[in-house]
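A.B. asks: Single-letter residue listing:
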Amino acid sequence: MIELGKYAGTVLLAYGVSLALIGGLIWQTVAANARARRNLEEHEKNG
Amino acid sequence: MSIWEYANPTKFMRTTNGALPWLVGAAAVCCVGGVVWGFLTPDDFRQGSTVKIVFLHVPAAMMAINIWVMMLVASLIWIIRRHHVSALAAKAAAPVGAVMTLIALATGAIWGQPMWGTWWEWDPRLTSFLILFLFYLGYIALWSAVEDPDSAADLTGVLCLVGSVFALLSRYAVLFWNQGLHQGASLSVQSGERMSAVYRYPLYLAMLGFFLLFLALLLIRTRTEIRKRRLAALQAREMRA
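Going down the list, the sequences are from chains U and F.
For the first sequence, the numbering used here assigns the number 1 to the initial residue and increments by one for each residue that follows.
For the second sequence, the numbering used here assigns the number 1001 to the initial residue and increments by one for each residue that follows.
Since the hints were derived computationally from the structure, they do not count as laboratory data.
Quantities reported herein were computed from a predicted structural model and do not represent experimental measurements.
Check before you lean on any hint, since a few could be wrong.
Calculated cross-link-like contacts (lysine-lysine; reagent style DSBU-like; alpha-carbon spacing at most 30 Å) [what the hints assert, rightly or not]: (1) F:K1011 / U:K45; (2) F:K1228 / F:K1011; (3) F:K1228 / U:K45.
Distance ranges between label pairs, derived from CB positions [to be verified]: (4) U:E44 / F:V1073: 29 to 35 Å; (5) U:N46 / F:S1002: 46 to 52 Å; (6) F:M1239 / U:R37: 30 to 36 Å; (7) F:P1114 / U:N46: 57 to 63 Å; (8) U:A34 / F:S1196: 41 to 47 Å; (9) U:G16 / F:P1021: 27 to 33 Å; (10) U:V30 / F:D1148: 25 to 31 Å; (11) F:V1158 / U:I2: 46 to 52 Å; (12) U:Q28 / F:I1080: 45 to 51 Å; (13) U:Q28 / F:W1022: 51 to 57 Å; (14) F:L1040 / U:E44: 48 to 54 Å; (15) U:A8 / F:G1025: 47 to 53 Å; (16) F:N1008 / U:A34: 21 to 27 Å.
Just so you know, even glycine gets a beta-carbon here, dropped at the ideal spot from N, CA and C.
Kindly produce the complete structure, drawing on both the sequences and the hints.
C.D. replies: Given below as structure tokens:
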């Protein structure tokens, strides 16, 4: 187990906020890309 | 072969389709490796375990500035040569840059509270970083506000030029104004000022990881913008027919 001492809350808060922001950015990027590809494919298929 | 061939959306889509899986894999390995390695480093004798925050803060701050520089180059290519892919790449990069700036500001504030005794100080570097974040938000808002995509690319290109002053200031503010709380560069080529190798190598890996993560996200987001532009063009053609 990693010992973070008296600054455990500070370190975990920094990592939590950063990973949440990066995770949200990746999710939004992948979701928007899938949506755009689906919309274009459907439009091209329907002519 | 010329680099301008990639200004062709079809060529760009074909090339990036093959490169993306490798890039995503390399970004994941370096990002996770750098951050986990950084988290496992020993405590600093002054900062204690808060030194682990540097492995998020420094790569995010580095990318916040460099992404704006990349947007500047892409905007200049659009303004001078009118290549649509470059304008879309600048648009695609902005949300990634905004998130990187926010991470740098948030982790800096979280680290600053126990180390400086304050969450925030109107220090030159902190203030110029906050202004850079506001420029990112303004840039994203301007793209959304202007309906005609070419006009939006022109206007955001000019905004990018103006914002570059603050991107440079946020990098060199510590040198311009020899005051404030924020310390100088974390990494130096001069041996006497070098960070210990225990921290330096994981930091290099985390920086590489953040750079590759940005490249992967940039390619995916640019591909999204190209698809949206293609769909809009098809719909406009059908409306006219």
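A.B. asks: Could you tell me which of the hints above the structure violates, numbers in ascending order?
C.D. replies: 5, 6, 12, 13, 15
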